[in-house]
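Protein chains: 2
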Amino acid sequence: MANIPYKIYLTEKELPQYWYNLKAVMKELPDPMLNPATLKPCTKEELKQVFCSELVEQEFNAKDKYIEIPEGIRDFYRMIRPSPLIRAYYLERMLNTPAEIYYKFEGTNTSGSHKLNSAAAQVFYAKEEGITTLTTETGAGQWGTALSMACAFYNIDLTVYMVKVSAEQKPYRKAVIETYGGKVIPSPSDTTEIGRKILAENPGTGGSLGCAISEALETAAKTENCRYVLGSVLDHVLLHQSIIGEETRIACEKYDIKPDIIIGSVGGGSNFGGLIAPFMGDKIAGKNNIHFIGVEPASCPSLTRGRYAYDFGDTGKTTPLIKMYTLGSGFMPSPNHAGGLRYHGMSPIVSKLYHDGYFEARSVEQTRVFEAAVAFARCEGILPAPESSHALCVAIDEAIKCRERGEKKTIIFGLSGTGYFDISAYMSYNNGSMSDYVPTDEDLEKGFATIPRI
Amino acid sequence: MANIPYKIYLTEKELPQYWYNLKAVMKELPDPMLNPATLKPCTKEELKQVFCSELVEQEFNAKDKYIEIPEGIRDFYRMIRPSPLIRAYYLERMLNTPAEIYYKFEGTNTSGSHKLNSAAAQVFYAKEEGITTLTTETGAGQWGTALSMACAFYNIDLTVYMVKVSAEQKPYRKAVIETYGGKVIPSPSDTTEIGRKILAENPGTGGSLGCAISEALETAAKTENCRYVLGSVLDHVLLHQSIIGEETRIACEKYDIKPDIIIGSVGGGSNFGGLIAPFMGDKIAGKNNIHFIGVEPASCPSLTRGRYAYDFGDTGKTTPLIKMYTLGSGFMPSPNHAGGLRYHGMSPIVSKLYHDGYFEARSVEQTRVFEAAVAFARCEGILPAPESSHALCVAIDEAIKCRERGEKKTIIFGLSGTGYFDISAYMSYNNGSMSDYVPTDEDLEKGFATIPRI
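Protein chains in written order, with our numbering: chain A, -8 to 445; chain B, -8 to 445.
No wet-lab data here; the hints were simulated from the structure.
Among the clues, some could well be false.
The list treats identical chains as one, so a pair stands whether inside a single copy or across any two.
[To be verified] Straight-line alpha carbon distances no greater than 30 angstroms define the calculated BS3-like cross-link-like pairs of lysine-lysine that follow:
no. : residue 1 : residue 2
1   : K4        : K249
2   : K274      : K18
3   : K118      : K(-2)
4   : K437      : K308
5   : K4        : K245
6   : K400      : K31
7   : K35       : K399
8   : K399      : K4
9   : K245      : K(-2)
10  : K54       : K213
11  : K400      : K188
All chains should be built: construct the whole structure from the sequences, respecting the hints.
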């Protein structure tokens, strides 16, 4: 037990110099994005109207397994990384399990989550390309916070469309974004056509992520020298997040840790996809037999109950069509659900890997998730994000199985962030007002009905 | 520049095995605490009615320069420590200063501050001595949060009297304490005699730290197997906080960093006293000539405008008399002041060192503090606690002096915590509603009038 430190910190020299591009090693690629008007694959040129050029190049890159991280991004990464791989000695002790448990902790930066890894990269490229303003959306607020930090660092203007109900429930998130100089607009708003339309049709609506995406896209298109950036789902976001997996791999090799199980929470898929990237690459190459588990909320079960189909990424149906596991862009997650992971769709890479049987997906209900989160907080001293606690919950399940079966497995899970700005969710758990919600088959059918037939 | 990493993490083997006891090396000791009834020095036996035995032994220990940290506390410290000593490369770049700036960052744990160092120690000793319940007070909430984390870890019940205005302004702080199982009672409350008395005399009062201390003391005295614990001021708290200074010293020696200036924020003095401990010991021994600066808010200027006198530690005048710099136990800091550092008194050790000329004290106004905090957040990626930003503000002042004079000094400051739970203060800074408040001489005279004449 004494050989492995409580916290494995890589040195700055060990900070990865390359992102790991899963698409370069996948046996079959995800289906291409389609232009909804023509149903033909989107061209780079079309996407470059919306996204920065280099990001579009990365989006299409299925050739290079390793993509070099520019020094200007490594300059930022040295501020927030390497993040620790922590041996969960206290959790193991509490569970009395023979399993060895590790977690890669992405919550040590002020934004409180892994989102900053891609935010830094995207803002750096925007700056390089002479972009002066970025727009985005944020739901739970982690992406908006991360992006505002990156924009403050690289000196770029930022407008964040924040799901209205989040902006109201999380004034502190909004304040942090503003402290970093970002402009926050609760969505739907009257600053866009789509926002005015949604407001007219649904007066008093609390908004949704899909709606905020539509507004951010519209504003980006109408503003000079402006691009839209997205915090999850897309292939280039997963690429940037592969730094999580690369650091984990290097730490494992350094201490001869051989994971049997790797667990991550899945919302849009960037955290999970980033964590597993190099390990999954090796699995595809037949070099390991790791059991990967993606964990999603039972209230928004894209993988476990969704359909693998072409769908829009936003409610306004303005994005390209993406082949992914989806609940339908019209699916409305219960407001009862506390954390993030409320997105109707899923990363095309993660979707394809799941479709091809490379990992297991599980869904868990939120009171179980918070039970695990509080137990973890009390023994490991870290208050986890509700999102991250989905992975944590299943890690505990697996560790208990190890105890029952007398198996000494090595489990790694991604602790993608802290819950410091999600305290209201903990409050509702503490006072017993939190309840579980699982959509009925009828609920799901309503969402599925919004998936385009192509 | 490349030789010193951005973040210096000591290994777990380098985690200090000893606390550094400044009193063992001071040329003159602070005057003893007095029993207010007899005006005779308090005996250990008297203090053991209120505090755990081992803590009282430490409070009286002026003999042992090094006091061993028990394995049961080191077990906890390995969860949260060593904390990083960070080279402020980005801040240096922004300031364009030849100075080398470092900060010891105590905000990486969930409680968000250095307070956890002493909380863990105090709860461990309570557990060892068979105590089953602890009481305390909290103002800004950092101490209450830290203590609830330690109590959850060592499995001890906790009641926190939280200054009512803080409990209302910071529901999230309260929720975190509750998540860790602590019971929060807004003070003044009807659960104590002193609370009922204060409520009767001041209906609608928002409470004060001194009042909350009185309530926690009364409850500890009346509850079986219960002791009171305090998060600052006392000598044993400074002893535990010396782990900050010891780690800083070890990191400096490892990388041959020779500080010219060491800066810390001072409220009750535990953060500053802990950070400077081994360096100040060497200065007393003539082994260095470091310039130490303690920074306090202009709104609560205990050192820079207070009196060095015997005074009570609480508003209810129930504590022993302590020789310290004080504004008078009846001094009421302006509610306008955003952060912590609102205590009327000061650590006796820090007070004595100041009285004997071993360090400089400065006061700064809060809008300047927040200006520094926001600049720091944007370039170093960490949102600092308002308290910690006092030290940060003066570190920036000193670094700018270095630029103006072309001096390459080495500056270390203590970044004692994060501002994640103090966002409302940032909100008031962001929206321009924050103002400065400096007590007039008349205001101070009112406070001084409450200092007992002995």
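Do the hints match the structure? See the list:
1. K4 <-> K249: both (23 angstroms within a copy, 24 angstroms between copies)
2. K274 <-> K18: within (11 angstroms within a copy, 66 angstroms between copies)
3. K118 <-> K(-2): Close across copies (26 angstroms), not inside one copy (35 angstroms); limit 30 angstroms.
4. K437 <-> K308: within (16 angstroms within a copy, 67 angstroms between copies)
5. K4 <-> K245: Classified as both: same-chain Cα gap 13 angstroms, cross-chain 18 angstroms, threshold 30 angstroms.
6. K400 <-> K31: neither (47 angstroms within a copy, 63 angstroms between copies)
7. K35 <-> K399: Close neither inside one copy (48 angstroms) nor across copies (50 angstroms); limit 30 angstroms.
8. K399 <-> K4: Only across copies: K399 and K4 sit 26 angstroms apart there, 32 angstroms inside one copy, limit 30 angstroms.
9. K245 <-> K(-2): both (13 angstroms within a copy, 20 angstroms between copies)
10. K54 <-> K213: neither (34 angstroms within a copy, 73 angstroms between copies)
11. K400 <-> K188: Neither. Shortest intra-copy (54 angstroms) and inter-copy (60 angstroms) distances fail the 30 angstroms Cα cut-off.
The structure fails hints 6, 7, 10, 11 (numbered hints given earlier, in ascending order).
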